[in-house]
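Please build the complete structure, drawing on both the sequences and the hints.
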Amino acid sequence: MTSPIEAEDATASVALDEKTATKTTAADSAETPVGRSPGQLMWMRFKRDRTGVVSAIVVLFFFAVAALAPVISSLYGKDPYTLYAQEPDYPFLLDDFAMPSGSFGGVSSEFWFGVEPNLGRDVFTMLLYGMRTSLFMALVLTFFSVLTGVIVGMVGGYFGGKVDYWLGRVTDFFLSFPSQLFFIAFMPIVTALFVSPTDETPTYLRAVAILLVMWFLGWMGMARLVRSSVLSLREREFVEAAKVSGASRWRIVRKEILPNIVTPILVQGTYTLPSSILSIAFLSFVGVGFVEPTPDWGRMFAIGAEIYEQDPAFMFFPGIAMVVFVLCFNLLGDSVRDAFDPKTGR
Amino acid sequence: MLQFLVRRLIGAVVIMFLIGAFTFFLFYTVPQDFAQLSCGKNCSPENIAVIRENLGLDKPITTQFWEFMRGIVAGRDFAVGHCSAPCLGQSFDTGDFVWDSIMDRFPLTLSLTVGSLVIFLVIGLGSGMLAAWKRGTVVDKAVSGASMVLSSFQIYFLGPIVLGIFVYSTGWMDNPKYVPFLESPIDWAVALLIPWAVMATIFTAQYTRMSRSTMIEQLQEEHVRTARAKGMPQRYVFFRYAWRGSLAPIVTILGMDLSGLLAGGVVTEFTFDLAGIGRLAVDSSMSKDLPVTMGVMLFGAFFILLLNIVVDLAYAYIDPRVRLA
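Those protein sequences? They're chains F and Z, same order as listed.
Each position in the first sequence, counted from 1, maps to that position plus 1393 in the working numbering.
Each position in the second sequence, counted from 1, maps to that position plus 1 in the working numbering.
Don't read these hints as lab results, they were simulated from the structure.
Predicted model only: the values in this text are computed from it and were never measured.
Just so it is clear, CB atoms sit at the ideal spot from N, CA and C, and this is done for glycine as well.
Take the hints with a grain of salt, since some may be wrong.
Unchecked claim - Derived coverage of chain Z by chain F (criterion: at least 3 residues anywhere in the stretch with Cβ under 8 Å from a Cβ of chain F; other residues may be distant):
hint	stretch
1	14 to 25
2	189 to 203
3	265 to 275
4	283 to 294
The structure is reproduced here in structure tokens:
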């Protein structure tokens, strides 16, 4: 999570140079004798929040693990695709009922998180690569949704009038879609756009289809938020001043308005990411997202739910990992919001 | 009030029409031969032609759209017989009328969503108020912490755990199934208790947090302080003054959450292996049975719009200013 913070730092310093700092910062910097940019102030407040720092470390750890999945699994010596039960090296991995023969889902020094029933794959690497898939997809999805939302919201809010009216109607229209049913319904259709039904769908096309479908209904919340923020900023004196001094529209949007709405965008963004992960997991869970043999977080729950009665331990690690990740991300979101805007007490 | 209702209903009809048109054209402009798909691989050209005619796929797309829309209002005739008024077409796969398949599955989805809605609203608002009342005490911290942790759980993780405890290991309860409400209301409630509890747990947390924060805000309002200062009983101040004010933002959020509620119902269906409209949507979508997929989409949109109107009515009831506007 360092990069958005640093990015904020850079843009926020610009904001201060332009004398367009938010009210909060103005009040805060009046108290401190040393001049600090809003980004530095935010960072100081964030560092003092112990929950936030711990959550940030945990979240970073998850991202690092996901990014380093190939390295970790090569050190660990397994991969998520091999059916270890059929390997001659591991003769008694699964018992006669195709369930892991060891205790707690076959956890051993060889298979840290146990073995998958029926197929005998390694749960630890499945989870690593599953997280990798989910986190990467969620990052891309969040980026595009946020970008689209910001553009639509800015255009609507800044230009106003008819443009705003129609963009608003379009946003409302997409908001009234039953989004999850839409995802389910359109996944096969969008895939069919790329591949003929007789061919096997490659994994990357499936990923593109998932991103497209979810991006399509993922930007409206951000657009509304940005629009309302821009509407209130548009009439402020510093924007008027820029207009009078002959700044172009593009310059006003980029230099006067954008630095002031970075905070709500960033906060909303930190809440969007975990919900994107959950939505993607939802698709794989019901069976229209990723399919065998792509390792995916959501698909592990589908497998786990199927065999839960016989092997409850299978779901333990992916489940706990997801709870911890979502919890920490939500806590981090709260901390980031508090650090940016200390007035909103919880 | 009546005017408000009529305006909302007209708006809902317009939105339904737009969603219908949007999905219809997206679905049917996909370069794929559905007659071929529903017939299978070894299909003679004559058979394909017959199927195409039966499905009405030989007509231009605008005519197909017109017939579809007319079918919803007035019903249509198919080769197998008449499909009466809210006619959403006929399944490519089974030949059943889509409306009938939806009506078979919908009671379950309705029971799941509305049942857990009631549970999580009561428990969520209740615990949030409790936390606000006892602000800063152990009770508040326990409630807030628990809601933070529980909101990070997922239905598909919590569901199997609860099943494992109450069904597989102890055998205290049976596997969840659907018993029609009219057949036996008690069995209906007992059989759905686990899905309700699991689904409600996930949603409760969010409403606890929200209800706590709006309640705290309301308790600091001036009219509440005035009521206290003039010696009104605590309970009266708390419920009549603060609580009523705290409801409005919660109802707004609820209105935006309805689509998530339906999604929660779908996940719950899959977690507990129940056959509701979510299962219908996934099955039809996988087999590219477009009329069924489209029917479920439209029906889902209709359900959400309808609930939205109910929420708006509730909003008008809570906040008198809305009624006058």
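Hint check results:
| no. | hint | result |
| --- | --- | --- |
| 1 | 14 to 25 | holds (count 4) |
| 2 | 189 to 203 | violated (count 0) |
| 3 | 265 to 275 | holds (count 4) |
| 4 | 283 to 294 | holds (count 5) |
When held up to the earlier numbered hints, the structure conflicts with hint 2 and nothing else.
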